[in-house]
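Trainee: One-letter residues, chain by chain:
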Amino acid sequence: MNNLSDRKIVIAIIFLVVGFIFLIRLFNVQVINDKYKFDSDQNVLREVIQYPARGLIYDRNGVLLVYNEAAYDLMVIPRQVKEMDTLAFCELIGMKYEDFITKFNKAKNYSRYKPSVFEKEISSKSYAKIQEKLFEYPGFYAQTRTLRKYPRESAAHILGYIGEVDQNLIDKNPYYRSGDYIGKSGIELSYEELLRGKRGVKRVLVDVHNREKGSYLDGEMDTMAVTGKTIYLTIDAILQEYGEQLMQNKRGSIVAIEPATGEILALVSAPAYNPNLLVGRDVKKNYPVLSSDKLKPLFNRALMASYPPGSTFKTVQALIGMQDGVITENTGFPCIKSNVGCHDHPTATNVESSIKMSCNPYYFSVYRKILLQNKSTSLFKDSEIGLAKWSKQVKKFGLGVDLGTDLPAIKKGFIPDVAFYDKWYGKGRWAFSTIYSLSIGQGEIGVVPLQMANLSAILANRGYYYTPHVLKRIEKVDTIPSIFKIKHDVGIDKIYFNPIVEGMQKVVEEAGGTARRAKIDSIQVCGKTGTAQNPHGEDHSIFIAFAPKVNPKIAIAVYVENAGFGGTWAAPIASLMMEKYLTGAIKDTVKENRILDANLMDVIPKEGQ
Amino acid sequence: MRNQKSIFANIDNVTVILYVILVFIGWISIYAAVYNEEHQSIFDISERYGMQLLWIAAAFVIAIVILMFDGQFFPTFAYPIFVALLLTLIGVLLFGAEVKGSKSWFKIGSFALQPSEFGKFATALALAKYLSGFNIKMQDMKTKVIASIIIGIPAVLILLQNDTGSTLVYASFVFVLYREGLSGNILLLGLYTAFLFVISLLMRINDFTFFGTVLSGDQLLIIILALIAALVAYITKRAKRFWMIVVAAFVFSAGLIYSVDYIFENVLEPHQSKRINVLLGIESDPKGAGYNVNQSLIAIGSGGFAGKGFMEGTQTKFDFVPEQSTDFIFCTIGEEWGFLGSFVLICLYIGLFLRIIYLAERQRSIFSRIYGYAVASILFFHFLINIGMAIGLAPVIGIPLPFISYGGSSLWSFTILLFIFIKLDAERINVLR
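Top line first, the protein sequences correspond to chains A and B. Residue 350 in the numbering used here sits at position 277 of the first sequence, with consecutive numbering throughout. Residue 144 in the numbering used here sits at position 90 of the second sequence, with consecutive numbering throughout.
One chain only, chain B, in its complex shape (with noise of 0.2 Å):
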């Protein structure tokens, strides 16, 4: 305890103030999403406002209590944190309440948490405290293994919870390794599989007919990969080295198209097909699968440049929208503050990710950066995946805007998540490596 005159001292208050201007934004997108005039007063714990009042309140005491430990419990007690974390989410599989249909809730009275929250500070931990040990190289393949374990455990969990939103944010941490070494192509990897992934459904919805042959969509992509694969190998002929690398790219991409169609109807579930399907176009549901995204996107287009004022939308007041309080918050903004409003969050939110970077940037603790980059990425992937999913980018996955979307369990994790990571940015002089 270094610092006992002032838990404060050399906190950044950049990354503080940005917190609660968030939370602040949060609570009143909230409560103007949930407003009726029977129940005004704020503090009425029977409305979702009211509640997170409590939530908010809650969440203060926690990074103030965060802020008093000492900046090196977090690396110490990293792995224990992280085995305790395995120990709930198993116990939320055998003993936990299904809500929605995900089996990740743990109820108490009529209080509910939702350990898988808590899941990604504690894998942060515990793989900034793997990457940051001894000779510890990314390069090398049992780092990489190791580290895909430490990622994967949680994230199977999970997927075990039937909760595929908050599986899909440990591919994150993709940002972390790609930060401390990971090559570069596995990134451009993933965009590319992202990329064939896509064009192949769009392709396959339809037959084409070249001289009197019939070829399908996947048949067609093949054949003009297989061209560009020629070209390119006759291009690099004499390198044979490139050769090589043409004829693997082609075999894995023939091999990613023909899979497309068992990974579409065998590992995602129906639903969660169709959404994808509705982002791409191919299928039209606007009662459906389409209703979210369609009066979503109906509620943040009507705000137009200025938004209708505080409490003023229409489309999130009368429960166009679903789930506006949670997955759905940004419709609020979005209707009642309009282009402006959203610019302005979306602003907030970058400058908070730039922020926690250049926070990052300027340890000397690789444990802390790796940390920092964990938590930029953790809450960018939130950011990315909601917001985009409220605009019809994304395809609907229910994962909670941070610092903003209604909830105790979500608030509460963004919230330790992040002021670990202010703690260790505020005592970084004292570590010196």
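The shape of chain A in the complex, shown without the other chains (with noise of 0.2 Å):
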């Protein structure tokens, strides 16, 4: 028996040996190895993105013009499925069995830890029978989105839309994640960090059945969601749907602005879409319809359609004549038709008139003198010099720059100079007489509607500007940015301004004025008609105006697309919109009705020739 109790040795140290083995590799699997550790994280840590509820948008006034509701992304984590009923899945939300394998395997490929979009914007009234569901089937759940609502149905193009980022931008920003919103056009765009808030994440401990268990650390490491800025735009709703009124069934754009502040009041540009109509999902629907309409709804041409100024830009030349000392208030020119034509009325003999009546010939010889200064004896020359000068003063004006509005894709027009027609006609190859159309703003001249509107505003203030802008006040912040407080002087004496108002008024409000539907009975308007020559089509009816005349509360552009004179159509538009702003009420509805029964869509007669 002695030598079988030795065995007791043996199964003694068999014992021992499996306990070291256990010990060892327990010790490998605890303390050495970490990749347990990470698997472990990766089982029960969900980063919850916390979607910030995007800026409201208010009106100058208080009325409210976009808002969220709430939309719900199905969102998958594919490590996470279990085996489940498929087809049951499929009917309660309502999708087919290939897409559900597409949808599926597209989350796969992406990544089978990280969350990715199932399906996108459920609506409330949808995830309510989702909801109950949802937790028999693990790896699924629910992100709260919000999608914007425009209860006014107006003024989409200044508000814009928004849409998912596209890769491009989430590789050069890291804010943003695949999925994400951001604005595309408009407010939303140029003030997407306002309104977009700051992303939050939730880091969640959830089960082997994903249902959330709890905070990670107490939440410690977990960032809020900030709210998004609530803006107040400088719009008047009423005044913005009212121009939308008056622009119904025609081409063109309205611009108003306050003159002693640059605050844009109204920004209409027809035909108009309904912004509701690019929100979510439908954006994938409506949005190729509506950029393939061949009138163009969501060009707005309030910014992007340059057209030339026609004679609202006599006011300018005038300015830049009387400044540069060519001519005085006091200066006359006879009407020579031979020069370039004109309609018969009473020669002016002075500025003031030249601006009521919209003289051609008068400015064909100002800016005759504004361009040959007799500083070269050379012609060509002289007219080099006096261009380069005369096309710096006019770009004070804000026109064929860029104005710096917070409204994003904004033209800068065109204002000719040395280097363009050098390179036009060739050096030393063009002059005044070349060039002289430029006199009476037609030619190569080209401005969009805001800097129109801008340049009434410049005569409104009577020789400067503030950068026309859109925000009016950010909620809590109360302050916009300081560019928009800076004084634009356009480098004319406030003096000169006199006769070109006094003349705005009898274009007015005098027999022989060209725009005599534009009075108002109550207000002193100033106005000045245009016409801008059109190469495609009937011209463009165009109208400059302030109002009143002291202290003006209102400067206004107005275009009206193939409407021919600007006294016609774009006067009476004009005068509407400013009677509404100023009174709250219109007067004369025959007027009113007028351009309201006008339908001007139709009125395209020479295209193609």
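Don't take every hint at face value.
What the hints assert, rightly or not - Okay, derived cross-link-like pairs now, DSS-like style, lysine-lysine, Cα gap no bigger than 25 Å in a straight line:
no., chain 1, residue 1, chain 2, residue 2
1, A, Lys110, B, Lys191
2, A, Lys108, B, Lys191
3, A, Lys81, B, Lys362
4, B, Lys328, A, Lys275
5, A, Lys367, A, Lys484
6, A, Lys257, A, Lys108
7, A, Lys222, A, Lys206
8, A, Lys155, B, Lys191
9, A, Lys468, A, Lys442
10, A, Lys484, A, Lys369
11, A, Lys545, A, Lys465
12, B, Lys191, A, Lys81
13, A, Lys176, A, Lys193
14, A, Lys545, A, Lys485
15, A, Lys169, A, Lys108
16, A, Lys484, A, Lys558
17, A, Lys176, A, Lys222
18, A, Lys469, A, Lys484
Hint data in this document are derived by calculation from the structure and do not stem from the laboratory.
Since each chain comes alone in its own frame, lean on the hints to assemble the complex.
Mentor: The following block contains the structure:
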């Protein structure tokens, strides 16, 4: 038996060896190897992104323009998906089985661990039904998103729309992640950072069934979502809507500015579209329709359509002439129709009457004096020196330059300069006689309606402007960017504005003025008509104006495409807008109805010629 | 009843204390594993920790009752107890309820009992009784056969219940037989067989090409063995007897290798083959057969050196680990108490096993010694498989961790198993031989 009792040692050693092997293995798994700690976090930690509500947008009087509506994105984490009744699930979320497979594989290819969007923007109503059953499908969960809603269905071009970020931007800007929304145009784009707020991340613990079990480290590492800022626009919703109404069945734009501040009161581009069309899932359906529409409803004419300013530009020419000292307010020129065509009118004996009657030959003469100031004996050289100086001065009016407004995608327009004509005709091969069309705002010159409205603000202010803008106030910040508080002087002495303003008043109020239709009985209106020559069709009707004459509250520019002479259509529209804004009501309903009833849509007669 | 003054006289305090500590660790682990905020009372019997508290209380009563028996009761009634057990096992096959694929439960109302758990101590008693009999020598073929029958009958009955895990436990009696004189070669042969089995499984998944000849893994393995055999035979060529052994060993090995396929595909259930494949890294199936082990390793591994703290184990608390209060209870300990906790637990178990061997060796009664070894072997085998499975060293076989896993039947059976031995040890002085 003695040698058998040695076997207790063997058995004890076996026990000890097993215990030792276990300890080595445990030391390896628990202390040395980090893989399991990572896997453990993968198991239980889920980042729930807290999407902040996007900021609300109000008009200048506190009228709500944009708010948010809840919607739900169905998310999936493929790794957590267990075997499930796929058909029942498809039925629940209203998806075809094939789509389910495609989407699921796509999510799996993206990442097995990271969540991806499975079905976008489920309405709150549909979600209520899905929510009850969702716990049966581990790996799937809902994430709250918000959709924009536009209760007043107007101002689409100003507000713009939001859409999903594209990969390009995700690569450039680390803030954005796939599926995020971003402003694509209008205010949504220019104040994206204010409106979007800040995304928050909540780390929650989930169990094997993907049910939330509490916060990780008591929320120490969570970041709170910061709601987007509410902003107030300078837009007057009532005026904006009225403008849109007036412009129905017309093409063109209206821009109204408060001269003392540069605040844009209304910015209408016609034809417009209902902003609710470009929300959420509907974008895919509606965007192609809108963008292929021949009438270009997505095109914001007020900022992007460049037209010659026509006769409205005579105000600028007269001011430059007086500032340069080549004319005085009492300079008269005969109406020599052989220089440039004109209508029949009494001779303009001073600046004031030249504006009132809009005499073309008068400005032919003014412009010749501006360009040819005998700085050189060569006519060509003299024209060059004159144009260089003139071009620089015109740009001070905010024409042909980027105004720096807070609406994106604005065009600069174009004020011809020496380099342009040197390239066009060759150096020394052009002179005043080549480019005299500019004298009456025709030819190679182009400005956008917002710049024209700004011009009328300059005239209303008698010599300066504030950059036109639409942001009035940011909630809890109460300041606007300082660039909108900088007074831009156009470099024309105030005194020279008097004859212009007097002339503009007579345009509207005196017999023989070109825009009698713009008269408002109770208010002194100053205006100037214009007609932009259009090589592609009927001329465009232009009118710029401000009112009242003393201490003006509104400056406006109206373009009606293919509507002919400025006094016919643009002037009455401008007057209705001003009356509406200043008095709140329209007295002359005949004038109002004439505009409302007018359909100038099908007047594109000369196209293709 | 010679020690009527106190039933606690002469009992081995070390073993009892180790037992109580392990039971306590088991209970708090179950509490941590299934705790949820809605049911905070520890006595809530709708939750497992509440139930386990009842089982523990009952187990203590059972332990005391066993200590009140006369020590001679157990050798005397070893066979009747064994027969009663066999009848119960047959009964459960006929009338039992099926739980998770195993027909091994008696259900009386909501109360379920698993007779196979109690087979262990009954078999241990019977085996001890037989081997301690007069003029019984382990070297005799008759002894080997009868001992095998005593172990084999309950094992087969339990296998018929489809409870593979509990059946395998009966293999642990080989330690007892070894201690009582079974040739050590049997142990080595078992080890060698297991080794060949694993090597063969690993090799048969590949084909090997030598000089343009394609050999399967099995064929290559046999060629290698043949070369080794030839080498050994050459070295020992003068000893004719050795030469015979080498040839016999080679034939045995070759037969084994070719039977691996058969065993793997026909004897084992598909899920069992799969578990073995996953364990050996032949198959990777982290969502299926490998899921349990993978999640178990994640839970244990994430515990780190010092653990996440009591009730802070996210993996077990949030149900990522399956069977976390029964077969995978070790995960809760590993996750919440870390390497330190695991270390302490393993030391407690090894300490208990060695203590039992020490106690067994000091018995004057052969019956008591054999029974003691049976206790140590059974507990060790459970420990080996259960923790080995949780840390990915053993295939997934569902057997409980003694004293710790949730469940009345297993706690009671281990308590009975251990306390019979404690009682026998307490009365060792009264026994002459």
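Trainee: State for each hint whether it applies.
Mentor: Going down the list of hints, with the structure as the test:
no. : hint                : in the structure
1   : A:Lys110 x B:Lys191 : violated (54 Å)
2   : A:Lys108 x B:Lys191 : violated (53 Å)
3   : A:Lys81 x B:Lys362  : violated (39 Å)
4   : B:Lys328 x A:Lys275 : violated (40 Å)
5   : A:Lys367 x A:Lys484 : holds (21 Å)
6   : A:Lys257 x A:Lys108 : violated (43 Å)
7   : A:Lys222 x A:Lys206 : violated (29 Å)
8   : A:Lys155 x B:Lys191 : violated (58 Å)
9   : A:Lys468 x A:Lys442 : holds (19 Å)
10  : A:Lys484 x A:Lys369 : holds (17 Å)
11  : A:Lys545 x A:Lys465 : violated (31 Å)
12  : B:Lys191 x A:Lys81  : holds (18 Å)
13  : A:Lys176 x A:Lys193 : holds (11 Å)
14  : A:Lys545 x A:Lys485 : holds (23 Å)
15  : A:Lys169 x A:Lys108 : violated (39 Å)
16  : A:Lys484 x A:Lys558 : holds (22 Å)
17  : A:Lys176 x A:Lys222 : violated (28 Å)
18  : A:Lys469 x A:Lys484 : holds (16 Å)
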